[in-house]
Structures are given as C-alpha cells and as structure tokens.
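Peer 1: Take the sequences, apply the hints, and build the full model.
Chains as they are written, first to last, in this note's numbering: chain A, 1 to 342; chain B, 1 to 342.
Just so you know, not all the hints are guaranteed correct.
For chains that are exact copies, the list does not tell them apart, and a pair is met inside one copy or across any two.
[What the hints assert, rightly or not] Quick list of in silico lysine to any residue cross-link-like pairs, SDA-like style, CA-CA up to 20 Å:
| id | residue 1 | residue 2 |
| --- | --- | --- |
| 1 | Lys18 | Asn266 |
| 2 | Lys195 | Trp299 |
| 3 | Lys61 | Cys217 |
| 4 | Lys337 | Gln288 |
| 5 | Lys148 | Glu313 |
| 6 | Lys62 | Gln242 |
| 7 | Lys61 | Arg274 |
| 8 | Lys62 | Glu215 |
| 9 | Lys86 | Val33 |
| 10 | Lys148 | Arg274 |
| 11 | Lys61 | Gln242 |
| 12 | Lys61 | Ser211 |
| 13 | Lys62 | Thr193 |
| 14 | Lys62 | Thr235 |
| 15 | Lys290 | Ser14 |
| 16 | Lys187 | Tyr6 |
| 17 | Lys61 | Glu72 |
| 18 | Lys173 | Ala292 |
| 19 | Lys62 | Leu238 |
| 20 | Lys61 | Glu313 |
| 21 | Lys61 | Glu294 |
| 22 | Lys62 | Arg274 |
| 23 | Lys290 | Glu313 |
| 24 | Lys148 | Asn243 |
| 25 | Lys195 | Lys301 |
These are computed hints drawn from the structure, not numbers from a lab.
There are 2 protein chains.
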Amino acid sequence: MTLKNYKNRQWLLSSRPKGMVSQKNFDWLESEVQTPKEGEFLVKNLYLSFDPAQRGWMEDKKSYVPPVGLGEVMRASSIAQVIESKNPDFKEGDIIQGIFGWQDFAISDGKGIMNAAHVPADIPITAPLSVFGITGLTAYFGLLDIGKPNAGDTVLVSGAAGATGSIAGQIAKIKGCKVIGTAGGAKKCRWLTEKANFDVAIDYKTADLGSTLQELCPEGINVIFDNVGGEFLNTSLLRIAQNARIVICGAISGYNEEVQPPGPSNYISLIIQRAKMEGFIVLDYANQFKDAVEELSTWVKEGKIVYQEDIAEGLENAPETLLRLYSGKNIGKQLLKVSDPD
Amino acid sequence: MTLKNYKNRQWLLSSRPKGMVSQKNFDWLESEVQTPKEGEFLVKNLYLSFDPAQRGWMEDKKSYVPPVGLGEVMRASSIAQVIESKNPDFKEGDIIQGIFGWQDFAISDGKGIMNAAHVPADIPITAPLSVFGITGLTAYFGLLDIGKPNAGDTVLVSGAAGATGSIAGQIAKIKGCKVIGTAGGAKKCRWLTEKANFDVAIDYKTADLGSTLQELCPEGINVIFDNVGGEFLNTSLLRIAQNARIVICGAISGYNEEVQPPGPSNYISLIIQRAKMEGFIVLDYANQFKDAVEELSTWVKEGKIVYQEDIAEGLENAPETLLRLYSGKNIGKQLLKVSDPD
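Peer 2: If you want it as structure tokens, here you go:
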C-alpha cells in the first residue's frame with residue numbers, strides 16, 4: 001500500500017476515568033505515519049481486542065502492568081499486518097499479533113510480538129484474539145489450573161456468555177462437570193444452553209440467584225469461575241461445597257465504580273467449607289500457551305467448543321466499543337475491525 | 001466425692017443472640033446430678049475452654065457443627081475428671097478432655113472423648129485446652145498446611161496476642177520468617193515482642209495499619225494469618241506479595257454484628273498478586289493431632305513457644321467470660337476454672 005495518502009488516526013488517553021469510562025477520557029489525534037528505522041517494522045491494525053481489564057490499565061495504580069500514561073495511545077491487543085519492514089524476522093504481508101493500541105498504524109521492533117505462529121493456520125484471522133487468544137487462554141488456565149474441576153463436579157460460571165466465561169464453561173463440560181452459567185438476558189442464556197452445551201443458564205436480570213442456586217445445587221458448588229464479583233460472588237459463596245475452589249478471574253461489576261464496592265461478606269464460607277479463593281494472571285502461563293492453543297483448537301474442530309465474536313467497525317468507534325463490555329451489550333468476544341488486510 | 005449434696009449447675013442457651021452475645025441469652029438452672037448407666041460415666045468439669053467460634057454455634061444456621069439447641073447446655077470443650085464410671089475404658093480419677101459444656105457435671109458414653117492420652121504427662125492440666133488444644137492445633141495446621149511459610153517470608157498475624165495467633169506467629173518465627181503481629185493495646189504488644197519473639201507488634205488501636213505495613217513490608221506480605229477479618233483483612237490485602245497465602249482462621253470482628261459487615265473489597269488483590277485466600281477447620285486434621293502435639297511440646301520445652309492462659313473462676317461467670325473474647329480483654333487463652341480435681 002502507498003502510505004503517503006494516509007494519516008495515523010489515534011485515540012490517546014486524555015484523562016483517568018472516575019466512575020464509568022467515557023469517550024471524554026480519550027482524545028482523537030491524526031498524525032503522520034512513522035517510517036520504520038533499521039530493525040523495526042510498520043504494521044497496520046486489522047482487528048482490535050476489547051477486554052474488561054483495559055479499564056484497570058487506565059488507572060494510575062500499581063498492577064501487573066504499568067498504567068497507560070496520559071497522552072499515550074490507549075493500550076490494546078490487536079491483529080495487524082506488516083506493511084513495511086526493516087527487521088529480518090518480520091516480512092511485509094505477515095499477519096501478527098501484538099499490543100499495538102487504538103490507532104491505524106504502529107511501529108514495532110518485534111519485542112513482545114506474538115507472531116501467531118502457535119495458532120493453527122486454518123483458523124479465522126480473528127480467532128487469536130478470542131478463543132485462541134488471551135480470553136480463551138484465561139478460561140483454559142483459570143479453570144484447569146486454579147479451578148481443578150473433577151468429573152461430576154458442579155461448576156458455576158459468571159459472565160458465562162462472555163469471551164472467557166463461555167470457554168471456561170465448555171471446558172468444564174468437556175471435563176465431565178455439571179455446568180451452570182449466569183448471563184444477562186434471555187438471548188445470551190439461550191445461546192449458552194442451545195449452542196454452548198451449558199446444563200443451565202440463569203438470567204441474572206430476572207432470576208433470584210440465591211434460591212435458584214439452592215435448587216440447582218443441592219450438593220453445593222465445587223468450582224466458581226467468577227468474572228463479575230459483587231452480589232454474584234457474595235451470593236454464590238453461600239452455596240459452595242466442601243473444598244470448593246473459587247477462581248477469581250475478574251470483577252467487572254466493580255471496575256467502573258467510583259467508590260470500591262463492598263467485598264464478599266460471605267467469604268467466611270471459606271472457613272466452614274474449607275474452601276479457597278484464588279486469583280491468577282494468564283501471562284504467567286505464557287510458556288504453556290502453545291500446548292493450550294493446540295488443545296483448544298482440537299476441541300473447536302471437534303465441535304466441543306463454540307465461540308462468538310461481536311465485531312464492531314471503525315477506529316472512530318473504539319471508545320464506545322469498550323463501553324459495550326461494561327454494559328453487557330457484547331455477545332462473546334468484543335472486537336473492532338479497523339481495516340482489511342492487503 | 002459424695003454426690004448427694006451436689007446440684008448440677010448449668011447454663012442453658014435460652015435465646016439466640018442478635019448482635020453482641022449477652023448474659024440474657026442464657027438461663028441458669030440447678031438440676032439433679034445424673035447417675036451413669038451401663039457403658040456411661042460421670043465427669044465433673046475442671047476447666048472450660050472459651051473460643052470465638054462459640055458465638056457461631058449459638059446461631060441457627062448450617063455450619064461445620066450443628067447449632068446448640070435452645071434449652072440445651074451451652075456447648076464448650078473442657079478438661080474434666082471421671083467421678084463415677086460404668087465404662088471399662090474410663091476409670092474414676094481419670095483426667096479427660098471432651099465437650100462437656102457449661103455445667104458442673106456431665107454424663108458421657110465415651111464417644112468423641114479425647115482422653116488426652118496424646119498429651120505429654122508432664123504438662124499443666126490446662127495445656128490441652130490451650131497450646132496443645134484446639135487453639136494451638138489451629139495455629140499449627142493453619143499456618144503450616146494452609147499458610148506454607150518459607151524461610152525469609154514476611155508473615156502477618158492478626159489477633160496475635162490471642163491463643164491461636166500467638167502460637168501461629170511463634171511457629172512462623174521457628175520457620176525463619178519475619179513475623180509481624182497486630183494486637184490491641186501496649187501491654188499485649190509488649191508481650192509479643194518481649195516474650196513471644198515477634199519481630200514487630202502493631203497496636204491496632206493507635207497505629208495506622210496501612211502506612212505501617214507499607215513501611216514494614218516493602219517487599220509485601222507473603223502470609224497473612226487472619227483471626228479478625230474486617231478492616232484488618234481489607235487493609236492488609238493491599239500489601240500482599242506475589243503468590244501470597246491468606247489463611248482465613250476467623251473473623252472475630254464480625255461475629256457479634258447484627259448486620260454482616262462488608263467483606264474485603266480489596267480481594268481483587270488476589271488477581272493482581274496471583275494469591276489465594278483459604279479457610280480450614282482444624283478438626284479435619286484430627287488424625288495428625290498426636291504428631292502435632294508432640295512437635296508443639298518439643299518447641300514449648302525448648303522455650304521456642306511461650307503461651308499465656310487467662311483463667312477466670314466460677315461457673316456462674318461463664319457468660320461474662322465468653323464476652324471477654326469479643327471485647328479483647330483476654331490475654332492468651334481464655335479459660336474458666338469450675339472446680340479442683342479430687
């Protein structure tokens with residue numbers, strides 16, 4: 001492609017959100033497309049990934065990654081294509097995965113780039129951001145390594161129609177568990193039971209979670225895979241079985257609260273039920289990603305795992321696409337298409 | 001002893017407490033001393049044990065033991081002496097340990113009685129209720145099996161001057177850890193650092209816990225052994241190190257709250273620090289008690305573990321002795337002497 005007619009459109013973080021993130025936290029900038037120096041290459045973004053954790057990156061506090069600086073391009077994973085390369089390891093036309101952020105073009109020296117070589121060649125271009133990406137891998141390691149489900153266990157997944165929850169639940173089914181998911185709305189719930197093989201889906205917008213769980217899980221819940229936090233976690237803690245494992249994957253219900261919501265007062269169930277609540281960061285498993293993707297892709301091919309992608313379009317819509325995650329509008333993995341590959 | 005001149009004085013649970021437990025939740029009754037039938041024996045209580053968990057037993061809810069019924073003798077562990085026996089396994093004069101409750105005399109068929117045979121003979125009569133009893137064993141298994149301290153770790157213990165916390169902290173010192181305890185008041189804190197070998201004691205009544213921990217634990221806390229819950233737990237969760245283990249032993253700060261206090265909103269630290277929070281019930285380790293007591297008694301003999309007992313007197317004072325636990329008046333293990341052995 002000829003670049004001289006292009007601008008690099010960018011979304012910069014302009015202020016740190018208080019309460020719900022909004023378009024006002026970002027500035028739109030059109031700048032020149034940079035030229036790669038020796039050892040570098042230029043990519044154009046094809047698809048951006050949207051993840052609940054992005055809200056945390058916007059805050060100025062210590063975490064597992066440094067915060068996005070004010071005036072910096074908003075951080076995001078993406079699938080991109082190499083446009084121009086002065087790095088022998090990456091050649092023009094390569095489709096790669098990296099953290100290229102909310103912009104049309106980015107310069108990279110190749111460090112930290114997943115060249116998607118571990119992803120089977122015959123899969124959709126977006127899959128390394130969804131089922132074979134961080135969200136799918138988070139489900140894989142969180143459920144298997146932290147949740148440790150046994151055949152016959154009852155597994156409860158919150159945010160079950162989401163990119164991670166839906167995969168976690170299906171892996172639990174593969175492992176012989178009874179799987180219950182919570183999601184918002186009849187449409188998501190139908191998908192869970194009709195397509196994604198969940199035994200039961202609870203619509204948290206209409207059901208009484210406590211009494212429903214009491215009825216569904218007379219023997220208690222062995223594994224909770226929680227993406228939501230808040231009332232979900234607190235209520236479900238009252239229904240855990242002995243030696244239950246509570247996988248703390250996320251707590252999206254609180255990410256946009258100005259005042260931190262109360263924690264689960266029923267954590268005392270951990271004592272009575274000799275149970276544990278454990279967090280994890282999927283990046284710690286990086287050296288096992290390749291094997292995990294292989295196993296996930298086998299399950300996808302066998303039809304044991306289905307997944308959904310919710311693809312918005314146009315870089316200009318990045319902020320409102322992010323907001324979809326926190327209002328629960330997305331169905332499956334939220335992506336945004338920025339451009340077509342050449 | 002001749003029993004015909006004696007009454008069996010008893011404290012019965014008369015109502016379930018709302019908020020702080022009080023003397024009004026108990027009725028005082030004087031009844032006839034029962035005569036053991038074939039296979040049974042009669043004991044007189046010598047020392048009653050007081051434990052924070054007793055508050056939970058008074059509530060009508062599902063837990064690891066059934067609640068004390070209304071009109072039943074208040075449940076408590078005790079050291080007792082066999083007075084009259086029609087059971088060949090227990091003979092007159094034997095000093096035994098059981099759950100004989102708040103009364104002078106009790107009938108037993110021997111089931112569930114710890115005959116204290118696993119306790120070394122040369123120790124004080126009360127020690128099987130304190131350092132070698134449930135409180136010491138709770139410290140032992142909670143710290144070692146759940147907390148898994150490594151030499152060089154920083155270990156934070158709440159309720160550190162209590163019967164369990166003080167032992168947990170000293171075991172952590174034996175294992176080569178840096179040990180910080182929190183307790184209420186200068187006297188308790190002095191005991192921790194001057195007698196019990198703690199590196200630092202924080203008086204939670206006067207210190208700012210968050211900033212003190214930040215200063216004391218620049219590398220973060222590896223193990224939290226929590227007896228207290230509430231603000232202690234929430235604040236300390238912000239200071240955990242990667243892969244920290246949070247042992248949930250108790251949450252005494254909330255036991256007498258009418259409305260359940262909020263849980264730790266900072267549980268999200270479990271994700272960022274890949275940490276876990278785990279509860280346990282010491283009775284699950286019953287088949288390892290003998291070995292644990294042996295190790296504990298070695299440490300006591302070597303002077304590596306010191307312990308305190310706070311001994312009230314007179315069965316009539318049982319309710320107010322229980323209250324001492326929840327106001328933090330007790331120093332070390334709270335006991336109540338009911339009678340002398342014959």
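Peer 1: Does each hint hold? Answer for all of them.
Peer 2: Right, here's what the structure says about each hint:
1. Lys18 / Asn266: Answer is between: at 18 Å across copies they meet the 20 Å cutoff, but 28 Å inside does not.
2. Lys195 / Trp299: within (14 Å within a copy, 60 Å between copies)
3. Lys61 / Cys217: between (39 Å within a copy, 18 Å between copies)
4. Lys337 / Gln288: Neither: 29 Å inside a copy, 60 Å across copies.
5. Lys148 / Glu313: neither (38 Å within a copy, 50 Å between copies)
6. Lys62 / Gln242: Only across copies: Lys62 and Gln242 sit 13 Å apart there, 34 Å inside one copy, limit 20 Å.
7. Lys61 / Arg274: The answer is between: 17 Å across copies meets 20 Å, while 33 Å in one copy does not.
8. Lys62 / Glu215: between (41 Å within a copy, 16 Å between copies)
9. Lys86 / Val33: within (16 Å within a copy, 96 Å between copies)
10. Lys148 / Arg274: both (15 Å within a copy, 16 Å between copies)
11. Lys61 / Gln242: between (36 Å within a copy, 16 Å between copies)
12. Lys61 / Ser211: Result: close only across copies, 16 Å inter versus 38 Å intra.
13. Lys62 / Thr193: neither (39 Å within a copy, 32 Å between copies)
14. Lys62 / Thr235: Result: close only across copies, 15 Å inter versus 29 Å intra.
15. Lys290 / Ser14: neither (37 Å within a copy, 63 Å between copies)
16. Lys187 / Tyr6: neither (41 Å within a copy, 73 Å between copies)
17. Lys61 / Glu72: within (16 Å within a copy, 54 Å between copies)
18. Lys173 / Ala292: within (17 Å within a copy, 41 Å between copies)
19. Lys62 / Leu238: between (32 Å within a copy, 10 Å between copies)
20. Lys61 / Glu313: Intra 31 Å, inter 53 Å, cutoff 20 Å: neither.
21. Lys61 / Glu294: neither (35 Å within a copy, 47 Å between copies)
22. Lys62 / Arg274: between (31 Å within a copy, 14 Å between copies)
23. Lys290 / Glu313: Neither: 30 Å inside a chain and 67 Å across chains, both beyond 20 Å.
24. Lys148 / Asn243: both (11 Å within a copy, 18 Å between copies)
25. Lys195 / Lys301: within (15 Å within a copy, 65 Å between copies)
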